Amino acid sequence: MALFQPAPSPEDLDRNKPLEIPPEEVLTFDEKTWYERAYRGDDAPQLTVRAVAMGTGLGFLLAFTNVYIGLKTGWHLGVAITACILSFSIWNTLQKAGVVKGPMSILETNCMQSTASAAGYATGNTLATAIPALLILSVTKDNPTGTHLPAWVLGAWVLLLATLGVFLAIPMKRNMINQERLKFPSGVAAAVTLQSLYSKGTEALEKGRALLIAGVFGLAIPLLKDLGLVKITTAAGKVVREGLMPEFSKIFDFLPGLTVGGKAYKMSDFGIKLDHSGVLVAAGAIIGLRVTLSMMLGALILAFWVTPIALASTWTNSAGAVVAAASKPASAWKEIGIWLGAPLLVSSALVSFAFQWRTIARAFKGLGGGGATDDAGARVAAVEAPMSWFPIGTGVAGAGIVVLAWRYFEIPPYYGVLAVLMTFVLALVACRATGETDITPSGAMGKIMQLTYGVLIPQSTTANLMTAGITSGAALSSADLLNDLKSGYLLGANPRRQFLAQFCGIFTGTLASVLGFYILVPEASALVGEGGRDPKFAAPGAQQWRAVAEVFKYGIQNLHPMARTCIGIGLAVGVTMALIEALFPKVKKWLPSASGVGLGLLLPFYNPLAMFLGALLAWAIEKISKRASDRYTIAVASGLIAGESIMGVVVAALNNFVLK
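Numbering (the numbering used here), first residue to last: 558 to 1217.
Hints are computed from structural coordinates only; laboratory data are not their basis.
Calculated pairs, DMTMM-like style, for lysine to aspartate or glutamate (alpha carbon to alpha carbon, straight line, at most 25 Å): (1) LYS1093 / ASP810; (2) LYS740 / GLU577; (3) LYS658 / ASP569; (4) LYS658 / ASP599; (5) LYS820 / GLU892; (6) LYS1093 / ASP699; (7) LYS740 / GLU941; (8) LYS698 / GLU967; (9) LYS1110 / GLU967; (10) LYS698 / GLU1080; (11) LYS589 / ASP599; (12) LYS1110 / GLU1080; (13) LYS788 / ASP1091; (14) LYS653 / GLU763; (15) LYS788 / GLU799; (16) LYS823 / ASP1091; (17) LYS1143 / GLU1179; (18) LYS795 / ASP826; (19) LYS740 / GLU582; (20) LYS1093 / GLU804; (21) LYS885 / GLU804; (22) LYS574 / GLU941; (23) LYS589 / GLU737; (24) LYS658 / ASP600; (25) LYS788 / GLU1080; (26) LYS1093 / GLU892; (27) LYS885 / GLU1087; (28) LYS1146 / GLU993.
From a predicted model like this one, the values you see are computed outputs, not experimental measurements.
Go ahead and model the full structure; you've got the sequences and the hints to work with.
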């Protein structure tokens, strides 16, 4: 099989129009029926140079958005549908402008979307969790800016994790997608979106136009609020740069404040202010009202109950210093909220995972089931990614991970090998969960690794973080590949060529993700704040992972007594919420989301507030016009996220290297 195919001629395009069979019907086909009625990957152009080139370029930009959103909110938003709309819209725009010749076939666009999705989603997870947590832990009095990993080490690490995840998916694909026909809802949504874009020209143009207009507005936000064009002198006499527009509006300071320990505080002192970032509003519109309401619940509990108690709760530590559980209201989210929110997230995720024991059993049973051995099965096997690629790819990537972990992350080789082997087992379970529920429990998988290595190597926070990063990063990469393969399967694509498109994407994704991380986080102050100023990025994922690692290193007895109490409460609440959801699924929609409440405790108040406002706006639009909501909400939110995230990286580069 040639690696790349020639671009289709006009005659080819006529022959290779979208399937007349809707994706919803293809979902019901067994392997033999799919090969006979839906598959057309042998003849239809798919893996063309122009599709991969366009996909890698688009993925390079989307990778910035993934790192930006991950550092801002702790969420990793899938980019498959965004990539679909952008791929289709940008190529058609370039064609009309005469820059490129001829439209792309639907399978080319699917290939382009797979490459872009791999670059934009499969490479950034560890850069929002383990790596920033490692940077935060490197901060000392003598080294207040922290110590970054060498660029080549970080780049190699991210690339190897994504590669491991992609190759781990090979033995899972045929069983989970062809034979068991798991839903993989994001993959189905991407296929349906592409089918509708090619069959409804007007709607496609409207979605594309809405996305691009929102993107332009998104581009303007960092230019106004983050680009350091204005010089000011602080009370300490230090000259700093600020944007033309303030980052926040203190619109709630008219409300009565709180008095703690005889000192009066305004609402803004607790972080209760309006963030001018559009990306959080857009993320809330995508995430939905239930989760963002739960985040607000967590934020309100932290601001009005936990923080006042923490400010008044003092303790004499081992050094003889008298310290409060929180030094000031604005930093309570990272000083005491972390010890309530992180245990809640960990315990709820692990209990929910335990209740998926049937999914776990099916994962291992299905893996050993093998494929069909008749002629039809052999024909299907001939177009799949060969099983021989699995040991080669995982062997090379796994060996590279073990060597890097040994040389740079204090992980003995035998523990590195154990981490890679455990990653295969946990990624298998995570991918099945994605196929059944559209939720990749990478966080829970990471926590299992943190707990395991917290026992095996309790003195090393680095080993604790990086082994968890192996599992979390590889699991997300595997799940992303399977979602893309599902969309291609429903459109009749060649899975082997789609695998190669995905593999191409992780290289540009690694380059963009690592570059974006260094630009956005030049030093630890971007994550922890400096001189009383709020951090640019709350990085709740990193804060959560850091807290777990520190407990194992220093021992729970060295924490503030209130923090210890909060850990117990958080664990109990997380277990209770997860048990109620699992045992009474019919009432789940009326209950707060455990992940939402936990994140609300881990973030400064203005983050959940902005996300809640976005979700509320999206809900209102849906109530007014379901048609307008279906057509524009995701497109506008995706455009706003892409525009602000991409320009945010550009502005950070200007601030750090030009205006500094």
